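Engineer: So the chains spell out like this:
Number of protein chains: 2
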Amino acid sequence: MIQSSAHVSVCSPQMNSISLVCLLLCTRVSSFRFEELTQYVASHEEEFIETLRQWVAVESDSSDVMKRSDLHRMMDMTADKLRLIGGSVEMLDVGTQALPNGSSIALPKVVTARFGGDPSKRTVCVYGHVDVQPAKKEDGWATDPYELTDIDGNLYGRGASDNKAPVLAWIHTVEVYKALNIDLPVNVKFIIEGMEETGSNGLDDMIVAQKDSFFSDVDYIIISDCVWLSKRPALTYGTRGNCYFFAEVEGPKKDLHSGLYGGTVIEPMTDLIGILDKLISPSGKILIPGIREAVAHLSDEEWKMYQDIEFDLESFKNDIGLSELMYSNKVDLLAHRWRHPTVSIHGIEGAFSSPGTKTVIPAKVIAKFSIRQVPNMDPAVVEKQVTDYLHSVFAKRKSPNKLNITMVIGAKPWLADPKHPLYEAGKAAVKRVFAVEPDLIREGGTIPIAKTFQDVTGKNIIMLPIGGFDDGLHSQNEKISRYNYIEGTKLFIAYLHEVSQIKKY
Amino acid sequence: MIQSSAHVSVCSPQMNSISLVCLLLCTRVSSFRFEELTQYVASHEEEFIETLRQWVAVESDSSDVMKRSDLHRMMDMTADKLRLIGGSVEMLDVGTQALPNGSSIALPKVVTARFGGDPSKRTVCVYGHVDVQPAKKEDGWATDPYELTDIDGNLYGRGASDNKAPVLAWIHTVEVYKALNIDLPVNVKFIIEGMEETGSNGLDDMIVAQKDSFFSDVDYIIISDCVWLSKRPALTYGTRGNCYFFAEVEGPKKDLHSGLYGGTVIEPMTDLIGILDKLISPSGKILIPGIREAVAHLSDEEWKMYQDIEFDLESFKNDIGLSELMYSNKVDLLAHRWRHPTVSIHGIEGAFSSPGTKTVIPAKVIAKFSIRQVPNMDPAVVEKQVTDYLHSVFAKRKSPNKLNITMVIGAKPWLADPKHPLYEAGKAAVKRVFAVEPDLIREGGTIPIAKTFQDVTGKNIIMLPIGGFDDGLHSQNEKISRYNYIEGTKLFIAYLHEVSQIKKY
Ligand SMILES: [Zn+2]
Ligand SMILES: [Zn+2]
Numbered sequence: 001m002i003q004s005s006a007h008v009s010v011c012s013p014q015m016n017s018i019s020l021v022c023l024l025l026c027t028r029v030s031s032f033r034f035e036e037l038t039q040y041v042a043s044h045e046e047e048f049i050e051t052l053r054q055w056v057a058v059e060s061d062s063s064d065v066m067k068r069s070d071l072h073r074m075m076d077m078t079a080d081k082l083r084l085i086g087g088s089v090e091m092l093d094v095g096t097q098a099l100p101n102g103s104s105i106a107l108p109k110v111v112t113a114r115f116g117g118d119p120s121k122r123t124v125c126v127y128g129h130v131d132v133q134p135a136k137k138e139d140g141w142a143t144d145p146y147e148l149t150d151i152d153g154n155l156y157g158r159g160a161s162d163n164k165a166p167v168l169a170w171i172h173t174v175e176v177y178k179a180l181n182i183d184l185p186v187n188v189k190f191i192i193e194g195m196e197e198t199g200s201n202g203l204d205d206m207i208v209a210q211k212d213s214f215f216s217d218v219d220y221i222i223i224s225d226c227v228w229l230s231k232r233p234a235l236t237y238g239t240r241g242n243c244y245f246f247a248e249v250e251g252p253k254k255d256l257h258s259g260l261y262g263g264t265v266i267e268p269m270t271d272l273i274g275i276l277d278k279l280i281s282p283s284g285k286i287l288i289p290g291i292r293e294a295v296a297h298l299s300d301e302e303w304k305m306y307q308d309i310e311f312d313l314e315s316f317k318n319d320i321g322l323s324e325l326m327y328s329n330k331v332d333l334l335a336h337r338w339r340h341p342t343v344s345i346h347g348i349e350g351a352f353s354s355p356g357t358k359t360v361i362p363a364k365v366i367a368k369f370s371i372r373q374v375p376n377m378d379p380a381v382v383e384k385q386v387t388d389y390l391h392s393v394f395a396k397r398k399s400p401n402k403l404n405i406t407m408v409i410g411a412k413p414w415l416a417d418p419k420h421p422l423y424e425a426g427k428a429a430v431k432r433v434f435a436v437e438p439d440l441i442r443e444g445g446t447i448p449i450a451k452t453f454q455d456v457t458g459k460n461i462i463m464l465p466i467g468g469f470d471d472g473l474h475s476q477n478e479k480i481s482r483y484n485y486i487e488g489t490k491l492f493i494a495y496l497h498e499v500s501q502i503k504k505y
Numbered sequence: 001m002i003q004s005s006a007h008v009s010v011c012s013p014q015m016n017s018i019s020l021v022c023l024l025l026c027t028r029v030s031s032f033r034f035e036e037l038t039q040y041v042a043s044h045e046e047e048f049i050e051t052l053r054q055w056v057a058v059e060s061d062s063s064d065v066m067k068r069s070d071l072h073r074m075m076d077m078t079a080d081k082l083r084l085i086g087g088s089v090e091m092l093d094v095g096t097q098a099l100p101n102g103s104s105i106a107l108p109k110v111v112t113a114r115f116g117g118d119p120s121k122r123t124v125c126v127y128g129h130v131d132v133q134p135a136k137k138e139d140g141w142a143t144d145p146y147e148l149t150d151i152d153g154n155l156y157g158r159g160a161s162d163n164k165a166p167v168l169a170w171i172h173t174v175e176v177y178k179a180l181n182i183d184l185p186v187n188v189k190f191i192i193e194g195m196e197e198t199g200s201n202g203l204d205d206m207i208v209a210q211k212d213s214f215f216s217d218v219d220y221i222i223i224s225d226c227v228w229l230s231k232r233p234a235l236t237y238g239t240r241g242n243c244y245f246f247a248e249v250e251g252p253k254k255d256l257h258s259g260l261y262g263g264t265v266i267e268p269m270t271d272l273i274g275i276l277d278k279l280i281s282p283s284g285k286i287l288i289p290g291i292r293e294a295v296a297h298l299s300d301e302e303w304k305m306y307q308d309i310e311f312d313l314e315s316f317k318n319d320i321g322l323s324e325l326m327y328s329n330k331v332d333l334l335a336h337r338w339r340h341p342t343v344s345i346h347g348i349e350g351a352f353s354s355p356g357t358k359t360v361i362p363a364k365v366i367a368k369f370s371i372r373q374v375p376n377m378d379p380a381v382v383e384k385q386v387t388d389y390l391h392s393v394f395a396k397r398k399s400p401n402k403l404n405i406t407m408v409i410g411a412k413p414w415l416a417d418p419k420h421p422l423y424e425a426g427k428a429a430v431k432r433v434f435a436v437e438p439d440l441i442r443e444g445g446t447i448p449i450a451k452t453f454q455d456v457t458g459k460n461i462i463m464l465p466i467g468g469f470d471d472g473l474h475s476q477n478e479k480i481s482r483y484n485y486i487e488g489t490k491l492f493i494a495y496l497h498e499v500s501q502i503k504k505y
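Chains as they are written, first to last, in UniProt numbering: chain A, 1 to 505; chain B, 1 to 505.
By construction, these hints were calculated from the structure, which means they are not laboratory data. Computed from a predicted model, the values in this text were never measured in an experiment. No incorrect hints appear here.
For chains that are exact copies, the list does not tell them apart, and a pair is met inside one copy or across any two.
Result set (SDA-like, lysine to any residue): computed pairs, CA atoms no more than 20 Å apart in a straight line:
| no. | residue 1 | residue 2 |
| --- | --- | --- |
| 1 | K358 | G472 |
| 2 | K278 | K398 |
| 3 | K398 | L322 |
| 4 | K419 | E437 |
| 5 | K254 | T143 |
| 6 | K254 | P134 |
Kindly generate the complete structure, drawing on both the sequences and the hints.
Structural biologist: The following block contains the structure:
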């Protein structure tokens, strides 16, 4: 909303007649026709929203194989859009997906695009996804989830904020430069996938395969698949990883009737409850030896950063409907959300889980729990700590049942240096568009692709969110505001300029 | 198989010409044409199996409203069969069943029938049900569950043992007397329902309503909806009751993402696991104060009875696939199966229960657990003991979440006196047909209708099973053997005679 560009502009909009000369000059001295670019965005707001409407209308739910043709169509639309604005587009085949019934279906292709290839410029690669979480009106949506609906400036629809509007904002950023015939200050590449919501099947292999081709000239990778912490814009410099465990207790060879057999067998469910109860104390302290000891200490500097972050405990509590949180002060709460591990018990497979009553002794029960990973935890070490600990707890029960612990996901945390020039560029861009300093935040969740990009390509990564803190990703009534969508596009425009200012060598 | 009737027979089959005089005489001196009756059974074995085949072919699954027309047809077939052999049949409307979507459908009518009304004779009422548990070939059946299949003398099919063959065996008992033109030694009534597997909807009200009409002249109620403990025939004189609890812990107003929110909230699942773990010790000891103290002491006499029962621990272990049971000796095992309470945790509603992984913090979770009731426990007292205890355990956790305990079923145990003449009659009948003493057993499960009959009508009840211990009620590959079906019919024939010998006043 608030733009505070005080740059000296060598090229004014009135000087179109000598634009070629001017552009060359501009590139050289980095003059930035910000006003012109953002005015174009402002005057095309309805058009940009119309495109978002068309994208949200596609039920590109990657978890539902019945929607696979919609998902393929979504990838085609993305490729078409990128071609239309002049990109060199390629759709990469990443193979097939095995279905539980033994058959397999094609994965959506990964869309790549390239704008410009000037070796004297920086090259950024924007990552995003155009698949969505499932959504049905009956789940409790106030509006049709696949019909973008504007209510008081909020644009409701599945995928609006996660991640269709941010992807479009990036595409529009390039489009605006092109429409005004202004040379892009950096080369821009896109990598847009369609399986993010179900684990990015095929993407890791593709990144490894493209390491020395597609990624060879990339300087920085930008991810806009996250949200602000409050109404203040934010830059995200870390995510937690996740170690996801299955704890299986197996007893009799079949489910038993609790009347006929209750009292004759040690029930697997009792054993499972018994070991789960030893994971975490009532106040939230992790009881697995060694876990807490591995965690990087909170420095005074970090404490100070958290202290300065805009975060309202009361509205956070109101949003989730709780009168009391695990920690009652901002710093502790943010620290335990971002940079301390936590244990969550998600549920139990194999036991009775429907409404009503059933008098069953389940024969085999599998608890699902996960431990969020933070620096300096190591998933391989955590796997051993958890496995050893639970087996020792179980052994004390002297149960005849069998315990089996498996770590099915071991995703490392990702952490960037918020003092890196990429972040300085982000701060400058936020200041230019919003006239405020951004919050430097971390994300409690896991975005495994960030760590993969970092490990495989060795590039620096920034997460540059434009979604609002209350956008309801993965929930009913997901939305993005007009404000965040349009000002977010301006932020991306400003960001490309700022990145072009980073000294190349 | 082995028949040992040494009764002096005044009426031989050759004396049909003077049958009226003879019958009056027979009634008086209780001569019993057992050989003739059982020979009729033996020679009609294939016909009786054919009828069972027709009954099993009807998918009278009371839990599936889509099968309701099959269930109505099953009740009609039952009524027709009873009419065909001369019964006065009435089908009682017991109202409608509310469906989750707000609509309602008709409950299957309860079939009642009456054979004979001689006030000088005893009157027995046979209770049974012709609805079945769900079954699908895909569940792991070796054969089509609705096509009775004879493999090595075992008749496989859903409902074969529970409860269609026993109901037919009772109907055939009456049919055999009629076919041979032998007067029934007692008046026989039937009450056959079609909702047993889903909680006997409507039946309790019907019993209360018919207390002074249908039940007024009934002396004894016979239930054959259970099985033997081993290969030895058994009489069942007790069942456990059941107190079924919901323990609900409610936290945030919606499910939360464990990445975004893990570490900020006390998770309801952690609280729930914490209180469930305090219900029972690793070795199976109930930790709720007051529960164990209420249980009737095991007398020396009872201990001796258990000691004499035919029960093979090894084959019990093999059947359920366990190398170790909760108790390693027969008496303790049977005592904890039949006459001690047990706690079973059946599962948790509201948490993640599917295969795969989901990173959810469930907002509201409801544990389902039940405590089997035995003399002298009182469900109302148990409700208070459990509620008070879990609230006190929960209070110690100092959780901001809310706990709600509800007892949704409070079924009392049923216990008969195994020395009552009804059981003496059972012993005599078993001895006559099988040439062995029956085991006197209890049932770990709950048959609430037994307690309802006892409490509402004040009549004496016997459970007289003919199903085999390995019939697999409610499981895949349910069956009844030809032997149990046919010899069971003979047992019922003998039993009616023995009951007629019980002194009336
Ligand atoms: Zn996303
Ligand atoms: Zn039954």
